[in-house]
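Given next are the chains, with one letter for each unit.
Protein chains: 2
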Amino acid sequence: MLHRHLAIALALAGSLLVLPAVAAEQDKPTPTAKEILARSTPAEWRTPDPQNLLFMQLPTGRVVIELAPDFTPLHAANIRTLVRNHYFDGLAIIRVQDNFVTQWGDPNDDDNGDKSKIRSLGKASRTLPPEFTRPIDAKLPWTPLPDGDVYAPEVGFSEGFPVARDPASGQQWLAHCYGMVGVARDVAPETGSGSSLYAVIGQAPRRLDRNLAVAGRVLEGMPLLSGLPRGAEPMGFYTKPAQRVAIESVRLAADIPAKDRPAIEVLRTGSASFAALVEAKRNGRNAFYARPAGKVDLCSIDVPVREAKAAH
Amino acid sequence: MLHRHLAIALALAGSLLVLPAVAAEQDKPTPTAKEILARSTPAEWRTPDPQNLLFMQLPTGRVVIELAPDFTPLHAANIRTLVRNHYFDGLAIIRVQDNFVTQWGDPNDDDNGDKSKIRSLGKASRTLPPEFTRPIDAKLPWTPLPDGDVYAPEVGFSEGFPVARDPASGQQWLAHCYGMVGVARDVAPETGSGSSLYAVIGQAPRRLDRNLAVAGRVLEGMPLLSGLPRGAEPMGFYTKPAQRVAIESVRLAADIPAKDRPAIEVLRTGSASFAALVEAKRNGRNAFYARPAGKVDLCSIDVPVREAKAAH
Chain H
4 MLHRHLAIAL
14 ALAGSLLVLP
24 AVAAEQDKPT
34 PTAKEILARS
44 TPAEWRTPDP
54 QNLLFMQLPT
64 GRVVIELAPD
74 FTPLHAANIR
84 TLVRNHYFDG
94 LAIIRVQDNF
104 VTQWGDPNDD
114 DNGDKSKIRS
124 LGKASRTLPP
134 EFTRPIDAKL
144 PWTPLPDGDV
154 YAPEVGFSEG
164 FPVARDPASG
174 QQWLAHCYGM
184 VGVARDVAPE
194 TGSGSSLYAV
204 IGQAPRRLDR
214 NLAVAGRVLE
224 GMPLLSGLPR
234 GAEPMGFYTK
244 PAQRVAIESV
254 RLAADIPAKD
264 RPAIEVLRTG
274 SASFAALVEA
284 KRNGRNAFYA
294 RPAGKVDLCS
304 IDVPVREAKA
314 AH
Chain E
4 MLHRHLAIAL
14 ALAGSLLVLP
24 AVAAEQDKPT
34 PTAKEILARS
44 TPAEWRTPDP
54 QNLLFMQLPT
64 GRVVIELAPD
74 FTPLHAANIR
84 TLVRNHYFDG
94 LAIIRVQDNF
104 VTQWGDPNDD
114 DNGDKSKIRS
124 LGKASRTLPP
134 EFTRPIDAKL
144 PWTPLPDGDV
154 YAPEVGFSEG
164 FPVARDPASG
174 QQWLAHCYGM
184 VGVARDVAPE
194 TGSGSSLYAV
204 IGQAPRRLDR
214 NLAVAGRVLE
224 GMPLLSGLPR
234 GAEPMGFYTK
244 PAQRVAIESV
254 RLAADIPAKD
264 RPAIEVLRTG
274 SASFAALVEA
284 KRNGRNAFYA
294 RPAGKVDLCS
304 IDVPVREAKA
314 AH
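Which chain is which? The protein sequence lines are H and E, in order. Under the numbering used here, the residues of the first sequence are numbered 4 to 315, in order. Under the numbering used here, the residues of the second sequence are numbered 4 to 315, in order.
Heads up, a few of these hints could be off.
No copy labels: a pair is met if it fits in one copy or bridges any two.
Lysine-lysine pairs mimicking DSS-like chemistry, simulated, CA-CA at most 30 Å apart [stated by the list, open to error]:
1. 243 to 142
2. 284 to 298
3. 37 to 243
4. 31 to 298
5. 142 to 284
6. 37 to 262
7. 284 to 262
8. 37 to 284
9. 126 to 298
10. 37 to 120
11. 262 to 142
12. 126 to 37
13. 243 to 298
14. 118 to 284
15. 31 to 243
16. 243 to 262
17. 298 to 262
Calculated from the structure, these hints are not laboratory results.
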């Protein structure tokens, strides 16, 4: 919403909007996302597998990433190995390119770096099979979207991730939507290891689809990656080391005692509440948005995440 | 590009890539955007009308906005009046909502503000006819895109702006792509005056199309609007006044002596070079991007802007 007045905006976002009793049915505001989520059932939420959940601690806060091993299993495994080596601890955000990506990794592993100080990947692989696409498989969940896509014959959601697919080739792939996490690489397709990752911070760069491996999605903390000064070098690399945000640590949820893990839940993309959210995006109507779009594109749909308060 | 190594990236971005002489024609890299622009002719660039060009000075640098009076003429006129009153000088960026918008205006004109200090709009109107759409008109330039759109029957460019249109209704409108500048309003459609504006900083919120007036586009300085900390209040409003970025001044190019105006040019969206750029987005291929998307969506196309160095 783009209100000049916060109170009006909040009233509309909530349920405080009072309409005349004579308003026709089609003029009634449709349920808001907040209302839909308030009615969701516990079974509609899933707890990500702790083997797939990463906590990246920055000086400014915590970024939570869910890996997608059904789409990029070798990358997920290699990233876990790196994380368990504490590979990322002390590395940094090396690049922020406007309307494109925020990338992190080893500052010495680029041109201005000190090659003698490049950090070892330890037991992790330096190269991996690309995993740019994977076969369509009826065993994976699939929630199609109804409004088409400029880039792919079919789009929808699978296990919380935005997915594009091409029945003609039998392949599917994670789409480069806002907040998706991809694997940086050199020119050769197999040179991505997961030691340098990027998050999409602008209009979905869908031309990257099928050219890079997508490892997962940022569940929490996107503002910590997107709200950073852009780097002045070509492609958004920072000019001075002091401009880089340091990575304090990256940890796997599975390596944190269960009682200390944040209780993060993600709305199931096969749930009725998720379908209602998609419909609210397509045809949501209130006093402010009088003209529903009637459509929604894949990358305009947010998959809700919540964190239950610790009971102890 | 998502290279780990800057040198490789720059080589690919330029023309330094050496391929074996035996490479088949289809394996040759296609021209890069940089190469296409280097070959563009002076006549392919236009100088925006100084009546439509705004310079917003922030402590961090200059944001340049081009108004779009062929789409929102009453809003353009009202914004000019506000600017000539120096209305915006000393106001601020009041809101940064992640993956949505950065909005500026009068901090006192919201809930936490001091109503007694709301700045007068002077001779500018407090309300305007909405101008959410306008008729399709053969007199306006039109460069259609070939790959369709999720939201509208037709999309393309007109005078440097991304446009969607619906031949059935005979209407067209500026699309809410990254960097487009819209007019904040209250609930009633006519309550937008241009005294509070927003720029899109995330995935194109196309559901806003036809619900809000779009006044123009940021030509330069998007990183100064997008690379800001997100506000912690609902909808990205800042919690504390000190978090707001101040607007030092907003000036119209027409009010600056011609010799002192930055010589900003925008590539004509009807030019051959622009068509080549669109084709490079669709089917560009190099050693890094081996698999062209074959398609491009409206909001993934950047309209190039350049600034000639002053000759004096």
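Evaluated hints:
1. Neither within a single protomer nor between protomers do residue 243 and residue 142 lie at most 30 Å apart by alpha-carbon distance, with minima of 48 Å and 50 Å respectively.
2. In this assembly of identical chains, the alpha carbons of residue 284 and residue 298 lie at most 30 Å apart whether taken from the same copy (8 Å) or from different copies (25 Å).
3. Taking the closest pair of Cα atoms, residue 37 and residue 243 come within 30 Å of each other only across two copies (25 Å); inside a single copy the shortest separation is 42 Å, beyond that limit.
4. Taking the shortest Cα distances, residue 31 and residue 298 sit within 30 Å of each other inside one copy (19 Å), while across copies they are farther apart (39 Å).
5. When the C-alpha separation of residue 142 and residue 284 is checked against a cutoff of 30 Å, the pair qualifies only within one copy, where the shortest distance is 28 Å, while the shortest distance between copies is 35 Å.
6. For the homomeric pair residue 37 and residue 262, the shortest alpha-carbon distance inside one copy (29 Å) is at most 30 Å, but the shortest distance between copies (54 Å) is not.
7. Taking the shortest alpha-carbon separations for residue 284 and residue 262, neither the intra-copy value of 36 Å nor the inter-copy value of 49 Å comes in at or below 30 Å.
8. For the identical chains of this complex, residue 37 and residue 284 are intra-copy neighbours only, at 12 Å inside a copy versus 38 Å across copies, given an alpha-carbon limit of 30 Å.
9. In this assembly of identical chains, the alpha carbons of residue 126 and residue 298 never lie at most 30 Å apart, being 47 Å within a copy and 40 Å across copies at closest.
10. In this assembly of identical chains, residue 37 and residue 120 lie within 30 Å of each other by CA distance neither inside one copy nor across copies; the values are 49 Å within and 33 Å between.
11. Within a single copy, residue 262 and residue 142 get their C-alpha atoms no closer than 32 Å, and across copies no closer than 67 Å, so neither meets the 30 Å cut-off.
12. In the homo-oligomer, the alpha carbons of residue 126 and residue 37 never lie at most 30 Å apart, since the shortest distance is 45 Å inside one protomer and 40 Å across protomers.
13. Proximity of residue 243 and residue 298 under a CA criterion of 30 Å is satisfied in neither setting, with 44 Å inside one chain copy and 37 Å between copies.
14. In this assembly of identical chains, the alpha carbons of residue 118 and residue 284 never lie at most 30 Å apart, being 49 Å within a copy and 34 Å across copies at closest.
15. For the identical chains of this complex, residue 31 and residue 243 are neighbours neither inside a copy (54 Å) nor across copies (36 Å), given an alpha-carbon limit of 30 Å.
16. In this assembly of identical chains, residue 243 and residue 262 lie within 30 Å of each other by CA distance neither inside one copy nor across copies; the values are 40 Å within and 35 Å between.
17. In this homomeric assembly, residue 298 and residue 262 never come within 30 Å of each other (Cα to Cα): the closest approach is 42 Å inside a single copy and 48 Å across copies.
Of the hints listed earlier, those the structure fails to meet are numbers 1, 7, 9, 10, 11, 12, 13, 14, 15, 16, 17, in rising order.
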